[in-house]
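Sequence lines, in order, name chains A and B. Mapping the first sequence onto numbering that gives the first Met the number 0, position 28 (from 1) lands on 27, and the numbers just tick up by one. Mapping the second sequence onto numbering that gives the first Met the number 0, position 200 (from 1) lands on 199, and the numbers just tick up by one.
Hints are not guaranteed to be accurate.
What the hints assert, rightly or not - Simulated DEER-style distance windows between Cβ atoms:
1) B:Glu205 - A:Thr206: 15 to 25 Å
2) B:Asp71 - A:Thr237: 49 to 59 Å
3) A:Thr206 - B:Ser85: 46 to 56 Å
4) A:Leu10 - B:Ala178: 35 to 45 Å
5) B:Glu205 - A:Thr228: 33 to 43 Å
6) B:Asp71 - A:Leu10: 34 to 44 Å
Derived by calculation from the structure, the hints in this document are not laboratory data. Small disclaimer: the values here were computed from a predicted structure and weren't measured. Think of the CB as a built atom: it goes at the ideal place given N, C-alpha and C, for glycine as much as any other residue.
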Amino acid sequence: MTAQSWELLALFLALTLLCVKPLGLYMAKVVAGEPVGPARSSGALERLIYRLCGIDPAAEMGWQRYAIALLVFNALGGVLLYVLQRLQYELPLNPQHFAGVSPDTAFNTAISFITNTNWQSYTPETSLSYLTQMMGLAVQNFLSAATGIAVAVALIRGLARHSARTIGNFWVDLTRVTLYVLLPIAALIAVVLVSQGVIQNFSPYKTVSLLQPVTYPQQRVNAAGKTVTQSVTTDVQTLPMGPVASQEAIKELGTNGGGFFTATSAHPYENPDALTNLIEILAIVLIPAALTYTFGHMVGDTRQGWAVLAAMLILFVPLYVLCNHAEQLGNPRLTALGVNQTASRLQSGGNMEGKEVRFGIAGSTLFATVATATSTGAVDSMHDSYMPLGGLALLFNMMLGEVVFGGVGSGLYSMLIFAIVGVFIAGLMIGRTPEYLGKKIEAFEMKMSSIAILVMPVLVLVGTAVAVSLPAGRAGAFNPGAHGFAEILYAFTSAANNNGSAFAGINAATPFYNITLGLVMWIGRYWPIVAVLAISGSLAAKKRIPVTAGTMPTHGPTFILLLIGTVLLVGALTFVPALALGPIVEHLLLWRH
Amino acid sequence: MNEVPASSARAGGLERRVEPHRDGPGTSVLRPAVMLLLLMTVITGLAYPLAITGIAQVLFPDQANGSLIVRDGRAIGSRLIGQPFSAAGDFWSRPSASTPQPYNGLDSTGSNLGPLNPALLVAVKARIAALRAADPGNTAPIPVDLVTASASGLDPDISIAAADYQAARVARARHLRLATVRRLIAAHARYPWLGVLGEPHVNVLELNLALAAVK
Numbered sequence: 000m001t002a003q004s005w006e007l008l009a010l011f012l013a014l015t016l017l018c019v020k021p022l023g024l025y026m027a028k029v030v031a032g033e034p035v036g037p038a039r040s041s042g043a044l045e046r047l048i049y050r051l052c053g054i055d056p057a058a059e060m061g062w063q064r065y066a067i068a069l070l071v072f073n074a075l076g077g078v079l080l081y082v083l084q085r086l087q088y089e090l091p092l093n094p095q096h097f098a099g100v101s102p103d104t105a106f107n108t109a110i111s112f113i114t115n116t117n118w119q120s121y122t123p124e125t126s127l128s129y130l131t132q133m134m135g136l137a138v139q140n141f142l143s144a145a146t147g148i149a150v151a152v153a154l155i156r157g158l159a160r161h162s163a164r165t166i167g168n169f170w171v172d173l174t175r176v177t178l179y180v181l182l183p184i185a186a187l188i189a190v191v192l193v194s195q196g197v198i199q200n201f202s203p204y205k206t207v208s209l210l211q212p213v214t215y216p217q218q219r220v221n222a223a224g225k226t227v228t229q230s231v232t233t234d235v236q237t238l239p240m241g242p243v244a245s246q247e248a249i250k251e252l253g254t255n256g257g258g259f260f261t262a263t264s265a266h267p268y269e270n271p272d273a274l275t276n277l278i279e280i281l282a283i284v285l286i287p288a289a290l291t292y293t294f295g296h297m298v299g300d301t302r303q304g305w306a307v308l309a310a311m312l313i314l315f316v317p318l319y320v321l322c323n324h325a326e327q328l329g330n331p332r333l334t335a336l337g338v339n340q341t342a343s344r345l346q347s348g349g350n351m352e353g354k355e356v357r358f359g360i361a362g363s364t365l366f367a368t369v370a371t372a373t374s375t376g377a378v379d380s381m382h383d384s385y386m387p388l389g390g391l392a393l394l395f396n397m398m399l400g401e402v403v404f405g406g407v408g409s410g411l412y413s414m415l416i417f418a419i420v421g422v423f424i425a426g427l428m429i430g431r432t433p434e435y436l437g438k439k440i441e442a443f444e445m446k447m448s449s450i451a452i453l454v455m456p457v458l459v460l461v462g463t464a465v466a467v468s469l470p471a472g473r474a475g476a477f478n479p480g481a482h483g484f485a486e487i488l489y490a491f492t493s494a495a496n497n498n499g500s501a502f503a504g505i506n507a508a509t510p511f512y513n514i515t516l517g518l519v520m521w522i523g524r525y526w527p528i529v530a531v532l533a534i535s536g537s538l539a540a541k542k543r544i545p546v547t548a549g550t551m552p553t554h555g556p557t558f559i560l561l562l563i564g565t566v567l568l569v570g571a572l573t574f575v576p577a578l579a580l581g582p583i584v585e586h587l588l589l590w591r592h
Numbered sequence: 000m001n002e003v004p005a006s007s008a009r010a011g012g013l014e015r016r017v018e019p020h021r022d023g024p025g026t027s028v029l030r031p032a033v034m035l036l037l038l039m040t041v042i043t044g045l046a047y048p049l050a051i052t053g054i055a056q057v058l059f060p061d062q063a064n065g066s067l068i069v070r071d072g073r074a075i076g077s078r079l080i081g082q083p084f085s086a087a088g089d090f091w092s093r094p095s096a097s098t099p100q101p102y103n104g105l106d107s108t109g110s111n112l113g114p115l116n117p118a119l120l121v122a123v124k125a126r127i128a129a130l131r132a133a134d135p136g137n138t139a140p141i142p143v144d145l146v147t148a149s150a151s152g153l154d155p156d157i158s159i160a161a162a163d164y165q166a167a168r169v170a171r172a173r174h175l176r177l178a179t180v181r182r183l184i185a186a187h188a189r190y191p192w193l194g195v196l197g198e199p200h201v202n203v204l205e206l207n208l209a210l211a212a213v214k
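My request is simple: use the sequences and hints to build the entire structure.
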């Protein structure tokens, strides 16, 4: 690792930690229903929404009603998004006159965006209208993020309350999080991004003249119906336009990741320089990190939140170091050809295949590690072209269950489930009834925790096994050998964890992948959510048991290690065999001499 | 969806008393769900992007509209989007994986070739051969960004090392002194801010425009 890579890591961590407490406290206020900011005007909008929707903000819900409201709301969002895509040619703001999206792709994309996955099996710049992007995709960027936060908050309430029948009001949580957390921060980020060159307009695509005409081969079908290759010369370049910045901001802030363009955050119009790159990385991690403080504050002991955050950071840093180190080392096969991959004052060096010069190794690997750790599908470099161990770090980040920060809300609630499993294991070891934050952990919680945690590995491993067993699955692989297997494994890992990034060589724009990955995303999102809400309801109803000398503290180093151990145990034991067939074999092949 | 199971789990059995269902259990979920979705679509999907567009067009019109470079009233490119160059007298951009032509603004993509893929080696060898053929005397190791495809296929930059590598060829082809070309590179070179943020790079289109302006 270069000194610059360490310094960038330090800068990123410092800025993140600076935001944790203020934002965490602010979010605690928002979800507690307290007035925030210039309350008069914003409160008026909130009240208007409740009145129009027939919502009584004072009425709380039990966990089942909370879950039903969430599932119905998300399903309706999916239907709306599907319809918008299919009918976009009938609708305004379609200056390029794109046709409707095909049914299987629209199905996949609708699920992808309501589940906060943002897997992209479509090519946005040649298939989606501005209206579909902003009123379909970007809306779900907000709402799926708010949904995740709502579930996390509901679980925290379950831990914080005692002898209670309710865990909050889903409509109120969703509305307040969207209005008071996501919208203002996204607006701020969007304006800063525009100032650096991220575009924001509704113009048709622009044509500019090239300084030097370019000649290229193009396949055409001639009059006889035969495909012939012709030489074509063009002296113009078409530049895609659109309301990018507003979408870019929430795409990162909501740990969504579906880019306005195919290359997502590698596209210069989405991410024009190193400063926007850092802002986008921070935007991704901001809410997941700060929610740990919200958690500590709401359960009345901020040390509990810091302990969870510490566990996340301890898992994060080594994976970043591994990824960065592998990429900075470069590709030995290129070195053999006389290519200079050494970092210097004049170049970043390293494995630059699939990376942008302005981000180099440091900015690319930090973005990639943060995005895969947080269930953000955005990339600023092409993960498929990473070195085997670099790609392994990214895969493993997801395989840990997206709990290293994790998605907005989903990261925290998944990590708290691991905490419950952790104290259960510890309880078994010392022969005491396990408890967490004064709540007895009993059979019901453990059943639901197992359901929440184990569905993801089942989806990933069974999904990958089915795909590599079928011709339609194998046809998707782009690279040969172990790397092709890794592409398929990555696709199912990404979908089941609602990450959304890809080893993008894989051709997933087929009915087989659109449908299987669509289902995997759907189950991978809502199955754990229902289990988490069930745990929340059960915990809320319990009495709080007083702390005694025999209570295991859940804010100290022992607990942090226990939590990390639990996460690693589940992740590593489940996935090491699959990783051995992919990136590990590839690494051994590459460095065998 | 309509019926809440009344007696299944411990917390659930109690919840009916919590929220009074004036219109029956079905409508009490459906109406808020439909209305909230529509209102949120208007707020986050219409009002928000329109407001940001308004602010952007007033405060930063140049950036918001694509950072275009305009000469004689004609847009000749964007500062942020790379263009392909292959003449000996121009600085070459990075290889682009976009199809069918390199630097196709409608196909932002990387090659997605894995590090062991034989096709990657074939491509890199061809790029090395092209660079060597254009500058036979130059035996220096080639900076990696000049022979690898970018992530977006539209990378506007090359490393300073990659510009230096091409300086002698460009000077020869343009009948300029090497020192003149090096001065141009130095004027366009950007280093990391405070040594941390950013990478050493040169914007190829701007460098080539400056080169063309040298008399």
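Outcome of the hint check:
1. B:Glu205 - A:Thr206: 15 to 25 Å: Roughly 20 Å apart at Cβ, these two residues keep to the hinted range, so it holds.
2. B:Asp71 - A:Thr237: 49 to 59 Å: violated (21 Å)
3. A:Thr206 - B:Ser85: 46 to 56 Å: violated (21 Å)
4. A:Leu10 - B:Ala178: 35 to 45 Å: About 37 Å separates the Cβ atoms of leucine 10 (chain A) and alanine 178 (chain B), which means 35 to 45 Å holds.
5. B:Glu205 - A:Thr228: 33 to 43 Å: holds (34 Å)
6. B:Asp71 - A:Leu10: 34 to 44 Å: Holds, at about 43 Å.
In summary, the numbered hints that this structure violates are 2, 3.
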